[in-house]
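Number of protein chains: 4
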Amino acid sequence: MAYNLLKGKKGIIFGALNEQSIAWKVAQRCHEEGAEIVLTNSPLALRMGELNKLAEECNAPVIPADVTSNEDVTNLITKSMEYFGGGVDFVLHSIGMSVNVRKNIPYTENNYDFTHKGLDISALSFHRVLQTAMKLDAINEWGSVVALTYIAAQRVFPDYNDMADNKAYLESIARNFGYQYGVKKHVRINTVSQSPTRTTAGNGVKGFDGFVNYAEKMSPLGNADANQCADYCVSLFSDLTKMVTMQNLFHDGGFSFTGVTAAVIEQMEK
Amino acid sequence: MAYNLLKGKKGIIFGALNEQSIAWKVAQRCHEEGAEIVLTNSPLALRMGELNKLAEECNAPVIPADVTSNEDVTNLITKSMEYFGGGVDFVLHSIGMSVNVRKNIPYTENNYDFTHKGLDISALSFHRVLQTAMKLDAINEWGSVVALTYIAAQRVFPDYNDMADNKAYLESIARNFGYQYGVKKHVRINTVSQSPTRTTAGNGVKGFDGFVNYAEKMSPLGNADANQCADYCVSLFSDLTKMVTMQNLFHDGGFSFTGVTAAVIEQMEK
Amino acid sequence: MAYNLLKGKKGIIFGALNEQSIAWKVAQRCHEEGAEIVLTNSPLALRMGELNKLAEECNAPVIPADVTSNEDVTNLITKSMEYFGGGVDFVLHSIGMSVNVRKNIPYTENNYDFTHKGLDISALSFHRVLQTAMKLDAINEWGSVVALTYIAAQRVFPDYNDMADNKAYLESIARNFGYQYGVKKHVRINTVSQSPTRTTAGNGVKGFDGFVNYAEKMSPLGNADANQCADYCVSLFSDLTKMVTMQNLFHDGGFSFTGVTAAVIEQMEK
Amino acid sequence: MAYNLLKGKKGIIFGALNEQSIAWKVAQRCHEEGAEIVLTNSPLALRMGELNKLAEECNAPVIPADVTSNEDVTNLITKSMEYFGGGVDFVLHSIGMSVNVRKNIPYTENNYDFTHKGLDISALSFHRVLQTAMKLDAINEWGSVVALTYIAAQRVFPDYNDMADNKAYLESIARNFGYQYGVKKHVRINTVSQSPTRTTAGNGVKGFDGFVNYAEKMSPLGNADANQCADYCVSLFSDLTKMVTMQNLFHDGGFSFTGVTAAVIEQMEK
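As they're listed, the protein sequences go chains P, L, C and A. Heads up: the first sequence begins at 1 in the numbering used here, then just goes up one per residue. Heads up: the second sequence begins at 1 in the numbering used here, then just goes up one per residue. Heads up: the third sequence begins at 1 in the numbering used here, then just goes up one per residue. Heads up: the fourth sequence begins at 1 in the numbering used here, then just goes up one per residue.
Mixed in with the good hints there might be a few duds.
[Stated by the list, open to error] Derived lysine-lysine pairs resembling PhoX-like cross-links, with alpha carbons at most 25 Å apart:
id	chain 1	residue 1	chain 2	residue 2
1	C	Lys135	C	Lys217
2	A	Lys184	A	Lys242
3	P	Lys185	P	Lys79
4	A	Lys242	C	Lys7
5	A	Lys7	A	Lys185
6	L	Lys117	C	Lys242
7	L	Lys185	L	Lys135
8	P	Lys184	A	Lys103
9	C	Lys103	L	Lys117
10	L	Lys242	L	Lys135
11	L	Lys103	L	Lys135
12	A	Lys217	C	Lys242
13	P	Lys117	A	Lys117
14	P	Lys135	P	Lys103
15	C	Lys270	A	Lys184
16	C	Lys135	C	Lys184
17	P	Lys270	P	Lys7
18	A	Lys185	A	Lys103
19	L	Lys103	P	Lys217
20	P	Lys184	L	Lys242
21	P	Lys270	P	Lys217
22	A	Lys217	C	Lys185
23	P	Lys242	L	Lys7
24	L	Lys217	L	Lys270
25	C	Lys117	L	Lys103
26	P	Lys217	L	Lys53
27	C	Lys270	P	Lys217
28	A	Lys217	L	Lys270
29	P	Lys242	P	Lys184
30	C	Lys53	C	Lys135
31	P	Lys103	A	Lys184
[Said to hold, decoys possible] Footprint (simulated), chain A over chain C, 3 or more residues, beta carbon under 8 Å:
id	stretch
32	1-13
33	46-54
34	160-168
35	218-225
36	246-252
37	257-269
The set of hints was computed from the structure by calculation and includes no laboratory data. Everything numeric in this text was worked out from a predicted model, so none of it was measured. Glycine included, C-beta positions come from ideal geometry on N, C-alpha and C.
Construct the entire structure; sequences and hints are all you get.
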């Protein structure tokens, strides 16, 4: 169902790869709600994924950008502003990658070159996008920025490896840049801490199925899926949530405030 | 602007007294968004306030209920179900009162009869509404319940007195009943932690103006007002936020995650 | 091992019943560390328990007090001050009881008379002790007060019932009275959030064994036991922790910041 | 006063520069409490500071190490183990530096090369020390590791710049490595979130005096000083706190849980 919640709004969506991607669903929902969007991902991801399909569906241009490059991000935002004929109203950051995870290097043996690389992609990219947007005055008054994160930033999930530290850093950027952009231009910045979701990125994490099943049993409403996350992001991009900023918002069926469930206790007794 | 976000939904709204009330604004916005509502308040509040005016505007019945009475709450919910011809989809709890505050008794000299009375009205009332609703199976699948709270539940605001403890208790009920109602019927329960707001209730707190000014200076976006709170509640009652539950959601222009602002530091240097 | 950490200090310890009690261990450790103590419990508990044995061991008077009675608490503190010839340096509050739990009434069907009674014993008793102490100027400058709590105040453990709400309220009192007593007399007030512990009180909670086993598997260091809790309380009563106040301190082997462990995932896969 | 709390224990202390340093005070107190220690800092800091004075006082060797170098950290830990004839029981990490801060680059204009450099020194250094220690099996069973941090990891202090993000990352490492080292060898890892303290590092932060005064007025017990921090660290290195791990422990006179004080409200009304 659509409500025209984002009618007249313009946004940039980072990180859609294929139909499993949360960013993909967010793009579809924003389009349904009347927004115009620009899609972006890294040149590599554009080759591997199916972003053109989404671009067609949403009538959106695709502008490649390596988020670890100031130049690429500047180009992306400049081109987006040209396309829209002005600033944007919302941004979704759905980007994360750990080289240590990819190479199956345990957390206690991390290679710090890989750690820096992962931080650059997963967290500093968010700062870079915001810094570039502020420099180019690219986000309109009362604009809304959301980055996706995971509860490993608060509690330990051993296999999440250095992505946990990256997400803690990402959430810190949301707070700190949220302050600066709020004071300067009433732009709000939040993170959405989503249930584990079976995406291409999620599947890269070792023992991810164990995660998902445990989370499902530990969430009174079950795990939130990508479509539901897209709905929630729409609410955060809309004018209904103008005063919500610098928050980490759990979208997880209650997982984060559940200590234990009857379902888990039962399983423990087996 | 209206989006038909609550079209076909039915709800009960506790605590509207006059045009300053947050609950008043929530009722208006829910009505605008297509919901049908029942309004309720205590018999005393109904005499003092202007609820009939709102009732007319929203085409809503008023059903009095003393929230400290199981009988009254049962009657309210039963009558609401009769009126709607079925269950409700959302509930707003916007109720709080401390006898110790009213009588200017400092926190360190609280009278415990008054403390119990305030807890009964401010916090146990929420449990009573939920318990009665569950018993009568009054909330539809995926229904949404919101109670208003204040950050004094997390950090000390000295003049807030025992309302701080009441709000901590209220938020605990949201979590605990949120688990139970989530598992049973996918009903979500959250609290919204609102900026200090100039309502009849707010004005009863000693030094409230000091609160409000400080909060304004400490919030990158400024204090959230009652209309904005109503918008946010609409988003939480809508289908866009189905997987958000057991959360305390700050709606405060960034106050909660701001340690200090340039504006406050400047004032401190005077 | 003893260090004379509490040499010359005087304290009141609430809630020792028998050798399983955390308060019992705390009393023993405080005595070992050179403190003089007064022991107290309700008249009923004194009849059921073995407090005299502990009193003898610690060379401490036992002063009965029903913590729901202003008179009893006033008498206790007055008598303690007479005994010590002055104020006290530390207080342990280890008291909790829910009538709803005792009567096996589920959280969603709680009887509110029982709820009020449980709150009075489990949480308001803490306020009453502090208020009475402040009135009688019974706690020395830089004194230290600790109350025991449980993580159910933050996250839902379904069988913990209304004790979760009581503990949330208790922790709020620690913050709010901690502010007041800190400003007034540099007295610090904290709660210690302890692993589930096999005490007489703990055993009263339905499914308690499930709790304990799950917590053990979810804690990188395992569950903290009563002796370790006593050690920790000693550190909080000592002069080493003078600037720690208004905190809820987890003493739980890491449970509170662990999202999942390999041990739990393994069990989930069975 | 000394209690022999650390008698027979051995530790490594990072980050003492001069008498203002918290690490300096921690070293002194550990020595007083009977510990043997190794002191370390970067070659540059060793030239600028007065560490030899402390070394003499504590009868401790100084082993230089650049914490951004795996080789240096390996050498430091290897040499320490040779010196002690075995593993260590505690480690203090008191290291932080932001190039962006030093160069007065505002947060919204950060240079990412500088950001990476600051992270490497301030946060990854902690991971490096722990990883190297684990590889060399350098920390004894039930050892204790503490890193110093600041509340800017939770809430925004605008002038703290990218050190806020570094501290968020540091605290995440404490949790994640705390899990791993806890499971493996019962080693506990915590961060201490200290009041703003007038050290050489603190004085480098723009508007630091404003910070300190505001924090003093916002803390019911006032700001904690370096000596008190040293006391607290001693308690965390002692056997009294064996089950405390993966925590961020506020040592701040109550600042963290105070929303506002009478003193601040008064100042706001000027």
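Non-conforming hints, listed in increasing numerical order: Those not satisfied are hints 1, 6, 11, 14, 17, 18, 19, 20, 26, 30, 33, 34.
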